[in-house]
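K.L.:
Each chain, letter by letter, is given below.
Protein chains: 2
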Amino acid sequence: MNANLQVCIRQFPHDVVNVEHFELREVPIPSLAEGEVLVRHQFLSLDPYMRMRLADAQVGRFAMKLGDVMMGRTVGTVTASRDPAFTPGDVVLGWGGWQSCSVARAETLQKVEPLGDGSLSAYLGVLGRPGITAWLGVVSVAQLRSGESFLVSSAAGAVGSLAAQMARHIGARVVGIAGGAAKCESVVEQLGVHACVDYKAPDFKERLADATPGGVDVLFENVGAAVFDESLNRMNQHGRVAVCGLIAQYHSGEPYAFKNFPRILDRDLKVTGFRIDSNKDLHEQASKDLRAWFDAGVFKSWERVSHGLENAPEAFIAMLQGRGQGKTLVRLH
Amino acid sequence: MNANLQVCIRQFPHDVVNVEHFELREVPIPSLAEGEVLVRHQFLSLDPYMRMRLADAQVGRFAMKLGDVMMGRTVGTVTASRDPAFTPGDVVLGWGGWQSCSVARAETLQKVEPLGDGSLSAYLGVLGRPGITAWLGVVSVAQLRSGESFLVSSAAGAVGSLAAQMARHIGARVVGIAGGAAKCESVVEQLGVHACVDYKAPDFKERLADATPGGVDVLFENVGAAVFDESLNRMNQHGRVAVCGLIAQYHSGEPYAFKNFPRILDRDLKVTGFRIDSNKDLHEQASKDLRAWFDAGVFKSWERVSHGLENAPEAFIAMLQGRGQGKTLVRLH
Chain A
1222 MNANLQVCIR QFPHDVVNVE HFELREVPIP SLAEGEVLVR HQFLSLDPYM RMRLADAQVG
1282 RFAMKLGDVM MGRTVGTVTA SRDPAFTPGD VVLGWGGWQS CSVARAETLQ KVEPLGDGSL
1342 SAYLGVLGRP GITAWLGVVS VAQLRSGESF LVSSAAGAVG SLAAQMARHI GARVVGIAGG
1402 AAKCESVVEQ LGVHACVDYK APDFKERLAD ATPGGVDVLF ENVGAAVFDE SLNRMNQHGR
1462 VAVCGLIAQY HSGEPYAFKN FPRILDRDLK VTGFRIDSNK DLHEQASKDL RAWFDAGVFK
1522 SWERVSHGLE NAPEAFIAML QGRGQGKTLV RLH
Chain B
1222 MNANLQVCIR QFPHDVVNVE HFELREVPIP SLAEGEVLVR HQFLSLDPYM RMRLADAQVG
1282 RFAMKLGDVM MGRTVGTVTA SRDPAFTPGD VVLGWGGWQS CSVARAETLQ KVEPLGDGSL
1342 SAYLGVLGRP GITAWLGVVS VAQLRSGESF LVSSAAGAVG SLAAQMARHI GARVVGIAGG
1402 AAKCESVVEQ LGVHACVDYK APDFKERLAD ATPGGVDVLF ENVGAAVFDE SLNRMNQHGR
1462 VAVCGLIAQY HSGEPYAFKN FPRILDRDLK VTGFRIDSNK DLHEQASKDL RAWFDAGVFK
1522 SWERVSHGLE NAPEAFIAML QGRGQGKTLV RLH
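For the record, the sequence lines run as chains A and B.
Following our numbering, the numbering of the first sequence begins with 1222 at its first residue and continues without gaps.
Following our numbering, the numbering of the second sequence begins with 1222 at its first residue and continues without gaps.
Honestly, I wouldn't trust all of these hints.
Given that identical chains are not distinguished, each listed pair holds provided it fits within a single copy or across any two copies.
[Unchecked claim] Straight-line Cα separation of at most 25 angstroms, DMTMM-like style, residue types lysine to aspartate or glutamate; simulated pairs:
#1 Lys-1421 with Asp-1502
#2 Lys-1286 with Glu-1247
#3 Lys-1501 with Glu-1241
#4 Lys-1421 with Glu-1334
#5 Lys-1491 with Glu-1244
#6 Lys-1332 with Asp-1419
#7 Lys-1491 with Asp-1277
#8 Lys-1480 with Glu-1334
#9 Lys-1426 with Asp-1277
#10 Lys-1426 with Glu-1406
#11 Lys-1332 with Asp-1277
#12 Lys-1501 with Asp-1516
#13 Lys-1480 with Asp-1450
#14 Lys-1286 with Glu-1406
#15 Lys-1286 with Asp-1487
#16 Lys-1426 with Asp-1502
#17 Lys-1521 with Asp-1450
#18 Lys-1332 with Asp-1424
#19 Lys-1480 with Glu-1524
#20 Lys-1332 with Asp-1431
#21 Lys-1491 with Glu-1524
#22 Lys-1286 with Glu-1410
#23 Lys-1509 with Glu-1255
#24 Lys-1501 with Asp-1487
#25 Lys-1404 with Glu-1247
#26 Lys-1286 with Glu-1334
#27 Lys-1480 with Glu-1535
#28 Lys-1491 with Asp-1450
#29 Lys-1426 with Glu-1257
Worth flagging that the hints you see were computed from the coordinates, not collected in a lab.
The model shown is predicted, which means the values in this text are computed figures rather than measured ones.
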């Protein structure tokens, strides 16, 4: 390993992301300064929020510019260290980005234990930010209780699939929403939920009503726009909505007109937006719960793994287009 | 008093309410059955929610049909009783409707003490449902704290003006929104708030920004649509929105497209709809607080009183058109 392979931003996407927006580059591995650590990445996490970072970066709301390595969460192994807190062989989580290895300030890395089966990918899923995000919505924001009715959009996604499994473990009646019949079948099969409704079906509204005969007590919203709108109409009185993502509303030009917005008032709903980094005081508690549930076998591993950094752009695009199922990862070695 | 004057529904309004939708009728006062009480009304309360009742009644969601006496909250004096709990001279609150007197089942009436100044109108305002509604939004839903920034729409309305005064008493920096320069001046003068912004001004957005230089921690929303949309954009991170009314969204044909809907997510907002009758467990606590604040002189009486039942339709229409200021009442004798 004498060179570092990187995926850099060649152009910012305006609408649909394609492979032309990225470019592959090979650079020498720089030497370490005092307090720096060299990490060889095993897995790179690909997540929907990254689309927003690209948009934010373009208008100066996020520090990433043309030519920079694309950002992303990574797990890997320390191969050299000039900080006393780390030694070669340590397994670390970090913001390594789309590259085969990275030089990081020691304080940006988090040391974790190797997992039983040798794979580290759970640290980018259930034991990482997707897990914490799902926990925040289900446990902290919505305070889901046993016997309640739980609906989650993007149920085949990293966060949605974990939220669905947590809700099931808590004892809720769980219904998912996903795009396409095949994906909905996978959700039911992989996650063991009561039903999964295809939002692409022409009779989505009726199917959603059929799947939630007693209404919905808690909605975990990842999508926004029309899918969210129909879900709002299924809410029970005093229902809670945990708004985790509005991906369908962030990059369309026109604002979406919710037909069912007044349900917020006439059903006494509580609609709460939450982001992982706005709730850092809860991460420790979340991580404890997640680890206990993970060790108890609550979560099924549902991953779509691409191999080789050069395939990261295509895997990212497939995920954004909804072609992925479960957690999207790139395995680098 | 041998006859009972009534205002009945002649037609249901489809869009704008006008006097032709009502008709005046004189009927004999019926004799009392066991358990009934005859109440002579002193004041009739006129409130924005009544417009919704008319719409609900029209589609069968509220029990009121053509020819019925228009519903409404009343305060008055018992003149005859066939229930041991009430005797002539008792002051009672009830759902007497738009008529000079009403026959009520005893269990639907609430006995109250006469107030110091002889007027009973406070029981339809600060000590009645508008007061409880404002309390629910400010104290229970938003949990407003001293030093926070508080914004309230429809600040010249019955609920809005009470919410503004409560917020001031709690120690918040209070800004109102109202329609028209004259009304805004009245709000500042009557309620002693920091500022009141005219939503009819062409530069409303800029004025709102100027009036809330540190953003908004708590929004008490009574209006909906464009006014709400611009207010959402002023919210601080982790802000709370108490949705009390969406009057602008209930009777327009097209759903409103919120430009700033994504602020719910990217500012971690908590948006809660609440209705007085969905929170009955809190009414006793609210009433206690309200009475204590009332006795301590926290609230300024701000009423627009019409005289004579025959003027109720015109007073109702004026209120719906935003021509009223403070609590709208009809004094019957």
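K.L.:
Please go over all the hints and tell whether each is borne out by the structure.
P.N.:
To see whether the hints hold, each was checked on the structure:
no., hint, in the structure
1, Lys-1421 with Asp-1502, "neither (38 angstroms within a copy, 42 angstroms between copies)"
2, Lys-1286 with Glu-1247, "within (18 angstroms within a copy, 78 angstroms between copies)"
3, Lys-1501 with Glu-1241, "neither (36 angstroms within a copy, 59 angstroms between copies)"
4, Lys-1421 with Glu-1334, "neither (42 angstroms within a copy, 61 angstroms between copies)"
5, Lys-1491 with Glu-1244, "neither (44 angstroms within a copy, 41 angstroms between copies)"
6, Lys-1332 with Asp-1419, "neither (40 angstroms within a copy, 55 angstroms between copies)"
7, Lys-1491 with Asp-1277, "between (28 angstroms within a copy, 23 angstroms between copies)"
8, Lys-1480 with Glu-1334, "neither (49 angstroms within a copy, 45 angstroms between copies)"
9, Lys-1426 with Asp-1277, "between (33 angstroms within a copy, 24 angstroms between copies)"
10, Lys-1426 with Glu-1406, "within (18 angstroms within a copy, 48 angstroms between copies)"
11, Lys-1332 with Asp-1277, "neither (29 angstroms within a copy, 60 angstroms between copies)"
12, Lys-1501 with Asp-1516, "within (23 angstroms within a copy, 44 angstroms between copies)"
13, Lys-1480 with Asp-1450, "both (7 angstroms within a copy, 15 angstroms between copies)"
14, Lys-1286 with Glu-1406, "neither (40 angstroms within a copy, 49 angstroms between copies)"
15, Lys-1286 with Asp-1487, "between (46 angstroms within a copy, 22 angstroms between copies)"
16, Lys-1426 with Asp-1502, "neither (38 angstroms within a copy, 35 angstroms between copies)"
17, Lys-1521 with Asp-1450, "neither (30 angstroms within a copy, 41 angstroms between copies)"
18, Lys-1332 with Asp-1424, "neither (49 angstroms within a copy, 53 angstroms between copies)"
19, Lys-1480 with Glu-1524, "neither (36 angstroms within a copy, 35 angstroms between copies)"
20, Lys-1332 with Asp-1431, "neither (47 angstroms within a copy, 47 angstroms between copies)"
21, Lys-1491 with Glu-1524, "neither (32 angstroms within a copy, 32 angstroms between copies)"
22, Lys-1286 with Glu-1410, "neither (42 angstroms within a copy, 52 angstroms between copies)"
23, Lys-1509 with Glu-1255, "neither (33 angstroms within a copy, 64 angstroms between copies)"
24, Lys-1501 with Asp-1487, "between (33 angstroms within a copy, 15 angstroms between copies)"
25, Lys-1404 with Glu-1247, "neither (37 angstroms within a copy, 67 angstroms between copies)"
26, Lys-1286 with Glu-1334, "neither (34 angstroms within a copy, 70 angstroms between copies)"
27, Lys-1480 with Glu-1535, "neither (36 angstroms within a copy, 32 angstroms between copies)"
28, Lys-1491 with Asp-1450, "both (15 angstroms within a copy, 18 angstroms between copies)"
29, Lys-1426 with Glu-1257, "neither (54 angstroms within a copy, 48 angstroms between copies)"
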